[in-house]
Structure formats: C-alpha cells, structure tokens
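Per our numbering, the sequence shown starts with residue 1, numbered consecutively.
None of these hints come from the bench; they were simulated from the model. Ideal Cβ positions, reconstructed from N, Cα and C, are used throughout, including at glycine. Take these hints with a grain of salt, some might be off.
What the hints assert, rightly or not - Listed next, the in silico EDC-like pairs over lysine to aspartate or glutamate satisfying Cα-Cα at most 20 Å (straight line):
1. K212 with E244
2. K163 with E194
3. K212 with D154
4. K237 with D173
5. K229 with E239
6. K149 with D73
7. K149 with D208
8. K237 with E200
9. K229 with E200
10. K158 with E200
11. K149 with E200
12. K149 with D189
13. K163 with E239
Said to hold, decoys possible - What follows is a set of in silico ranges between Cβ atoms, one per label pair, in the way DEER data are often shown:
14. V261 with S76: 25 to 33 Å
15. T213 with L84: 30 to 38 Å
16. V99 with A224: 26 to 34 Å
17. K149 with C268: 43 to 51 Å
18. E150 with E200: 21 to 29 Å
19. K158 with A69: 21 to 29 Å
20. A216 with V261: 54 to 62 Å
21. N226 with S198: 21 to 29 Å
22. Y88 with A224: 22 to 30 Å
23. I125 with Q188: 43 to 51 Å
24. Q162 with A85: 51 to 59 Å
25. S80 with D192: 46 to 54 Å
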Amino acid sequence: MGEFNEKKTTCGTVCLKYLLFTFNCCFWVSSGHARPSHPVICGSLPIVSSLPSLLAGLAVMAVGIWTLALKSDYISLLASGTYLATAYILVVAGVVVMVTGVLGCCATFKERRNLLRLYFILLLIIFLLEIIAGVLAYVYYQQLNAELKENLKDTMTKRYHQKGHEGVTSAVDKLQQEFHCCGSNNSQDWRDSEWIRSGEAGGRVVPDSCCKTVVAGCGQRDHASNIYKVEGGCISKLETFIQEHLRIIGAVGIGIACVQVFGMIFTCCLYKSLKLEHY
Numbered sequence: 001m002g003e004f005n006e007k008k009t010t011c012g013t014v015c016l017k018y019l020l021f022t023f024n025c026c027f028w029v030s031s032g033h034a035r036p037s038h039p040v041i042c043g044s045l046p047i048v049s050s051l052p053s054l055l056a057g058l059a060v061m062a063v064g065i066w067t068l069a070l071k072s073d074y075i076s077l078l079a080s081g082t083y084l085a086t087a088y089i090l091v092v093a094g095v096v097v098m099v100t101g102v103l104g105c106c107a108t109f110k111e112r113r114n115l116l117r118l119y120f121i122l123l124l125i126i127f128l129l130e131i132i133a134g135v136l137a138y139v140y141y142q143q144l145n146a147e148l149k150e151n152l153k154d155t156m157t158k159r160y161h162q163k164g165h166e167g168v169t170s171a172v173d174k175l176q177q178e179f180h181c182c183g184s185n186n187s188q189d190w191r192d193s194e195w196i197r198s199g200e201a202g203g204r205v206v207p208d209s210c211c212k213t214v215v216a217g218c219g220q221r222d223h224a225s226n227i228y229k230v231e232g233g234c235i236s237k238l239e240t241f242i243q244e245h246l247r248i249i250g251a252v253g254i255g256i257a258c259v260q261v262f263g264m265i266f267t268c269c270l271y272k273s274l275k276l277e278h279y
C-alpha cells in the first residue's frame, strides 16, 4: 500500500512537470522541437527551450520598442507620460519573460524548489507588469480625448518653432503632413501662434507643413486649394492614431497576464508535490 502511494505521488509530480513545461512552451511560443522525452535528459531541455523563450521575450519587447522608436514621434505633443510609461513597462516585461522562460524549464526538470519559488516570483512580476500596462492603456484611452482638447492647441501654438522645443516642431510638421490636417481644431488655430505673430514666420499664416504640396513659403496662403482643411483638425487624427495603439498595448497586457495565472497555478502545485515527496 505504501509502495502504491509513493508511485502515485511520483506520477502526479511527473504530470505536473510536463504540464508546467507545456505551459512554458505555449507561453513562450515554442517552435515545436523542444519536447521532453524523459526526465533523465532534463539537463539539455532548458537549452533547447531557451530559444523560444528568447524569441517570445523579444516579441513582447518589440511592442514596447515599437511604441518608443516608431510611434514616439508624437509623444512630445502629449501632456501625460502615461503613453510612454506603458511602452517602458512592456520592454521590462519582455526582458523578464526571456529570463523566466529558461528558469522555468530548469526549475521544472531539476526539481529545485528554490528555483520554483524564484520562477513563481518572476511569473508574478510579469503578471503585475502586464496588468499595469493594460490598465494604464485602458485608463489613458478614456482620458485621451479630453487631454488633447485641453493641451494640444497650446502645445502647437506656443511651442512650435520656439527655442528648446525642436521636438515639438518636428512632431507638428510630421503630424500635419502624415495625417493631412492643419492646426489643432482647424487652420484658424495658427492665428494664435507665437511664431506666426512674431514676424519670424516670414509672412506665413500657417506652417508650410499644412500645405498639400510643401515648398518654402507655401504657408503664406491658407486657401483650401493650398492647405489641408479637414473636419476636426489634427486632434481627431492624432486621437485615432494613439487609441489604435493603446488597444494593442491593452490587449497584449491583459492577454498575457491571464495566461500567467495558469503558470502560477502549475508552479504552486508542483512545488507542493515536491515538498510532499521530500518528506
């Protein structure tokens, strides 16, 4: 009877090990080649499975880097730092994912309870980071419209072509050209621009980036045949652009966080099973 109970416990532990390994392979986008054949060869499995974890960690980081590098042109136009914070959170989470993938396989097959504890802590950190990123994205999604209406016009009219605000100048020019818009709400907003009223604009009534065909001095004429006159101005264009990306960040954050719950459950069960066998 005692022999049967010992065998049953061992089988349960083995099942948990395979479940946890499968979780690692699924969560870290396994390529399908890292399959355990027997616990005896566990020493080589962490090495085989580390490549998928690295690739998946890079994939998570890519979303954050995409925001920081390719989508950061308009960050200088935003009053809040929330959008930038979500990107940094994803980058950090990506690094933790890569480390955790390798550690998870080592902890599972070497049956080290101290490694399992560390693995659980890292899973919890990823869970919290992704939840925070998802919540921040959702909250900022709701506040974005009000923030843009309150701050975008002042940013464009008071900082455009002003010393020390070269990033804003570049962002405004790219915004107006890329989204075919002129001014925060409309082209009339530029009448309040400090740059236009200072005389440094060279007779322009709008920046040259408002023009359908950009040439030096084209902003001297604000007729509809020459500049972009769109309903809602640049606010609506920028809001749509950022909201689309926030939806991606939110989905990635909440989605990965939900998957993490299963990993933490498997880890706790395996830890408890190993503890019972030890005693």
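Quick rundown of the hints versus the structure:
1. K212 with E244: Distance ~26 Å between K212 and E244 Cα, so the pair is violated.
2. K163 with E194: Between K163 and E194 the Cα gap is close to 12 Å, so the pair holds against 20 Å.
3. K212 with D154: 24 Å, violated
4. K237 with D173: Measuring from Cα to Cα gives roughly 14 Å; hence the hint holds.
5. K229 with E239: 17 Å, holds
6. K149 with D73: Given pair K149, D73 holds - Cα atoms ~19 Å apart, limit 20 Å.
7. K149 with D208: 23 Å, violated
8. K237 with E200: Answer violated: K237 to E200 is near 28 Å, above 20 Å.
9. K229 with E200: Measuring from Cα to Cα gives roughly 24 Å; hence the hint is violated.
10. K158 with E200: Status holds; Cα separation ~14 Å.
11. K149 with E200: 27 Å, violated
12. K149 with D189: Between K149 and D189 the Cα gap is close to 12 Å, so the pair holds against 20 Å.
13. K163 with E239: 27 Å, violated
14. V261 with S76: 25 to 33 Å: The hint (25 to 33 Å, Cβ to Cβ) is violated, given that V261 and S76 are roughly 38 Å apart.
15. T213 with L84: 30 to 38 Å: About 34 Å separates the Cβ atoms of T213 and L84, which means 30 to 38 Å holds.
16. V99 with A224: 26 to 34 Å: Cβ of V99 to Cβ of A224: about 56 Å, so the range 26 to 34 Å is violated.
17. K149 with C268: 43 to 51 Å: 48 Å, holds
18. E150 with E200: 21 to 29 Å: 27 Å, holds
19. K158 with A69: 21 to 29 Å: 27 Å, holds
20. A216 with V261: 54 to 62 Å: The hinted range 54 to 62 Å holds for A216 and V261, with Cβ atoms some 59 Å apart.
21. N226 with S198: 21 to 29 Å: Distance hint for N226, S198 holds at roughly 22 Å.
22. Y88 with A224: 22 to 30 Å: At roughly 42 Å between Cβ atoms, A224 and Y88 fall outside 22 to 30 Å, so the hint is violated.
23. I125 with Q188: 43 to 51 Å: 50 Å, holds
24. Q162 with A85: 51 to 59 Å: With Cβ atoms ~26 Å apart, the hint is violated.
25. S80 with D192: 46 to 54 Å: Given about 23 Å between the Cβ atoms, the range is violated.
In summary, the numbered hints that this structure violates are 1, 3, 7, 8, 9, 11, 13, 14, 16, 22, 24 and 25.
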